[in-house]
Amino acid sequence: MRQQRVTVVALVLLAGLAGIELRLMRLQVVENDFWQQESLRSTRVLQTLPAERGWLLDRNGEPLARTEETRDLVFRFRDWRQKGGAVSAQLMSLLWLLDGQRPSVPEVSAGVAALLDAVGRITVAEIGAVQPRQRRADVLSYLEWVYGETFDTSLRKLLKDETLDPWVTVSQVRGFAEGRAAAQRRAEEQDDALADLGPVAGLSRRELLDFIDGVVRRSDERVEAALARETEAADDDRPADPFRRRRELHTEFDADSIDVRHEVSHDCQTLLAVRAGALRGFAVRAEKQRVYPERWADTGALLVGRLGAPRASGPGGAPGDIEKAEANRERLAALAAIDDPTDAEQQEYDRLSVLVREVDYRATDERGILGLESALEPVLRGKRGWISTLPNDDVAESMPPQRGLNVVLTLDVELQEAVERTLDHTLERDGAGGARGWPGAIVLLDPRTGEVLALASAPRPTRAELMTRYGELLQDPWGALCNRALGPGDSGNLPPPGSTFKPLEALVALRDGLISPHDTWDCAGSITVGGSTLHCTGAHPGADLREALVKSCNVWFYRFADKVGGAEVLRAAELFGYGRPTGLLAGNEALASLGVRAESGLPESSVKLDVDSVPVGSEAMRCGIGQARIDDVTPLQVAVALGAVGHGTLRPPQLVQSIEGYGDVPARTAVDLGCTPGELAIVRDALDAVVDSGTAAGLAAELAVSAQRHPAEQGTPRLEPSRLARLVAGKTGTAQVSGRARAGGWLAQRYPELATQSRDAMLPDHSWFAGYLPRENPCLAFAVLLEHTGRHGGDACVPVLADLLYEPAVQRYLAQTLSP
Amino acid sequence: MSTRGLAWSVLLPALLLAGTGVLFVWSTTHASSQPLWGRQLAFLAAGALGAFLIVRVGVRRLAEASWVIYLALLALLAAMPWLADRSATDTERWIALPWGFKLQPSEFIKLGLVLVLARHLRHRGVTNTWSSYAAPFAFMIVPWWFVMRQPDLGSSLVLVPILLAMVTVSGARGRHVALLAAGSVLVVLGAYFVPGVLHDYQKERIDNFIRPIPALMEEARDLHNKREHAAAAEVEAEVALLKRGTGRQQLYSVMAIGSGGLLGEGLGDGLQNRPYGVAVRHADFIFAMIGEEWGLLGATLVVGLYAWLVAGILSVGWRTREPFGRMLCVGVAGLIGGQALMNLGIATGMLPVTGLPLPLVSYGGSSVLATALALACVLDVSRRREHVFFEE
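Sequences listed follow chains A and B, in order. Quick note, the working numbering runs 844 ahead of the 1-based positions in the first sequence. Quick note, the working numbering runs 1266 ahead of the 1-based positions in the second sequence.
For the record, the hints were derived by calculation from the structure and aren't laboratory data. No experiment lies behind these values; they were computed from the predicted model shown. Backbone N, C-alpha and C fix where the C-beta goes; we use that ideal spot for every residue, glycine too. Any given hint could turn out to be false.
When the alpha-carbon atoms are kept at most 30 Å apart in a straight line, the in silico DSSO-like pairs for lysine-lysine are as follows [unchecked claim]:
hint : chain 1 : residue 1 : chain 2 : residue 2
1    : B       : LYS1492   : A       : LYS1168
2    : A       : LYS927    : A       : LYS1004
3    : B       : LYS1469   : B       : LYS1509
4    : A       : LYS1001   : B       : LYS1509
So the derived list for chain B, only partly shown, Cβ under 8 Å to chain A, looks like this [to be verified]:
hint : residue
5    : HIS1442
6    : ILE1523
7    : GLY1526
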């Protein structure tokens, strides 16, 4: 009976082993391929190689944004105190282990000799009694690191001797004197090295010590805070060992590299290489960084933009960068798991594997979040590379990173600087009673090519503000992050073109034969249409087209609109590109033809022109003076349109001149205005007269003032004010806006009486001056906008243009383009 | 001492297993700062010496002293909270010895339990009344409790197959054994649900077992092939969560074994034989390395050697007419066979992870020594099987 039972036990055990054998066959034969792949995959370490971001350059090759290798000085507490580290650090750790003291780093550093002796006065028995064991082991390690191996061996031997005299001190241990002397020498050498490091790192020795002290204290605080949190959260069934945990936390936190100083010199790196032994704990970390060269850092800062963290959410609630990357990764993993992929799945896999490894954003990546850095992100960014290594550091596979492409802009940074300075003046000069002046924008472009030379908005952030106070700027009451040359200010509404629209509609009506230059309408200062009275700037009896443009007669254009009809007015707006984005970057067909896709970031605003119905009656008449449906334009659009009148063909604006590897960006499709030279001459003549004797007649006097203010530059021939005035043609505008001052916005601050209004009302008018120069074959088109000045365009904006024209950079540009 | 009556079918597989163990301790540690194969050889030498002493002393005297041995070991276990060396881990498993050696009493209590059960059951057996199960069960459950609290769930669980094997042979009814086995499983499961008995990490391991990672990965793969990617993603999220815990150890073990194929990657050449590869690959997960480096062939060899060893031990028990010797053999077979089965089951992903050495193969002094002593008892029984040497 019992013998048989033995067989039962044998059978059960053997059956179990047979089960194991079956399992082995399954794993090692049936599933072998799968596990082999998994095993291989688990050993690969994928390291990414960041791509260098492309540069942004102005039309003359001046870099506006560069990628540079910068060297940062970093400090690691753990390296500093461990084997081969600083004697003072080791003594400090000893004190902490022996009696929990943490004297400051400068104190310890000054008292190394005294401390070396003080440790000698401790008895060996005391060291043997340190509890728990780990703490004693650590004490022994630090003693070894400070006093050397001979001392350590003797000490450990003594500790095992149970008959040891309890009064034997550490200083009596064999090897102490030599070890102490060596430690003292080492400490002095380290101190010297630290004193040398100071100057090359731009910090004094004392500052360095204070910095280290700060790191040590922060590490202690972090450890204590973490410990307190854990104690609070712990279930009490596991025996707590605070020393062990504290030690673990220190090991973890002390390993962090803390930045001591950014962008240290090459000398600093050399010093650290030469004296690495004496400066353990310090290191130089080289990184590729985006640099905005100091000379032009503030110039066009808003236009150039900045980098930031990947976007949490895309435009219009689309998934954010990281979310998208995550989704791609998941999808890729799913596709990879399919054993028999279809062709479509294989293609998707191939596409996604490139995206995931080389393109998709990681949480630690930077990307453009504003301005051109954001808009040109796909071009500037490049592609990540990667190296996949095996456990033995052999490279399994790799892909080098693809550098981002350099982009040359049409912008002339000197002109940009001049324009920005002019707008800054405006803010200061018009700042009555302590309040600042008016926000505004200026656009300069070459009407022959559409190349944008300068594009500025005021107020503007400095580079430093953009980098360090970005969050605050987003809330700025003046809308410092609004690029008013391309979009609305802080109010969120685009300005109407006002009277700057008049030459455009006149030209189109002439072209279509709907009016003749000799059509005259009497203006008595106002006109009543359907019960409402529309006003003019004055009385203009018997005005013809020229007179109406020169004096900017509203009544003439009311009647004009009435005669040609609302449809014709809208046609003019459409022809000159109003009511749709100019396609400066996004929607730019020339860039698209190169396969370059622009992202948002330099948003160009536009309000779609409502052409579904034809405006009639008073609405049509108000359209005639650049209001009502023609209510939303940008300074860029106005500069393009007036430039087109001067040039005879509309050249859509272009901001990118060339892209590395793609070459020059081809010219954009020009828009033929369909006008005869004669028709153009009629309108141009009127625009000349605007400056000579019309609403902008103040220009000559203002230029004289400006010429006084801007001293002549050596070597650049200057145009006399009277001569220069006769080169400029343009049209002023005074745009009426109604609405309410945004609470907390600049308008409510500037005009306190507007802050209290409860209903929409007329707000102070916007002022415009737009045109071109020279009058024959213009090479420069301009648009100047100042928001809510409440003044006529001629009064508010003409001085601004005069100020700008005597900026040396503008004079240089004119001299260069006019001389041949 | 002659070799007459020496049970070669016990000694040979044991030596071959020990040799394999030394080879793989070499394979897994020769590149590290602490090559351990020399120490393992020393442990084996110590085991041989201990075995020699046992054979000299004779099982008979051990039988007489079984109560003393059992109670002394129990006292040692009870005193572990005060004796244990906590410098390496926060547990009460080891007593520090000079020269960095450590003693693990839980390894020896297994043999102690075999001795005391053999003595208790040698004549009396179980009469299939509930009260007759009480004493054997108590002998098992007391050390089980102490060991489990160390905490060392693995070593404590090995006591169960010992009891089951010995009770079976002592005449328990089949369904009683089944009940006892089911009861033991229930105790473990109960411990899972009673708060404070099992540590979180132990619960996590049981969770891992209920939904083992390899099975989950397979499930995800199937779902992907059915183009049910969303459902697969959920399973994969679960895998990711499990991998962060102890599930990683088992996954890597299974991965290593599975990647070994038929012939393996060669001794010392395993891809997962590296830091951050298979955890404790020189000890509890040494079979993963055997599977990876020697493939199905080597793994089958080891499984076969255990089958040979267990069969050898039981055949000694089968042939002997002496009841104590028979019970002893059955207990040792339960010990070695049960522990090997559990270790292999863990390594191949069939059982939840718990720390347990592979007898004779895994690195570890206490385990090697205790196993050698247990085998020595069997050898002594086989030498004297013609004699009735124990009377009361």
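Structure versus earlier hints, numbers of those that do not hold, lowest first
4 and 5
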